[in-house]
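Asks: Sequence:
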Amino acid sequence: MIEPSSPALDLPAADAQALPGPSRSDRVFLRALPFFARHGVYEAEQELGQRFIVDADWWLDTRPAAWADDAGLTVSYQEVYGHIRAVVEDEPVHLIETLAERIATRLLDHFPAIEQVRVVVHKPGAPITGVFGDVGVEIIRTR
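Numbering (the working numbering), first residue to last: 55 to 197.
The reader is advised that the hints may include incorrect statements.
Claimed, not checked - Beta-carbon label-pair distances, calculated as ranges: (1) 135 to 103: 34 to 44 Å; (2) 126 to 178: 14 to 24 Å; (3) 182 to 144: 23 to 33 Å; (4) 126 to 105: 26 to 36 Å; (5) 139 to 185: 40 to 50 Å; (6) 196 to 133: 17 to 27 Å.
Simulated from the structure, these hints should not be mistaken for laboratory data. Beta carbons: idealized from backbone N, C-alpha and C, even for Gly.
Go ahead and model the full structure; you've got the sequences and the hints to work with.
Replies: Printed below as a string of structure tokens:
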């Protein structure tokens, strides 16, 4: 990450002084990422598989990237997508809570600039007797 005093930013001194510490004010997100996987408690879920939909938000200070207009100074959507996909398509787990936790942990581990992450895992085909619109889990993890 570029330091506030870096000439690449070319910021007024007052703006550069506003940079210290985590901001948690800037949120980047990916929505409705569809995956097919074999997660679930029941044997049929593990054998047949089903759809899972993932939403992810991450908080970081986007000002250095914005001021420099440099994608290399932020977290790449494509890289985040790749990490989410790798976790969802990895070894099956019983609980969507476990899946969400693994996604959040991986994003925080691989992207030091991320201060906080929110992961939602939807399980539209959950084996529930009855009519429902959505089933899922939402977690928020902070560094």
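Asks: Taking the earlier hints as the rules, which of them does this structure contradict?
Replies: Result: hints 1, 2 and 5 break, sorted rising.
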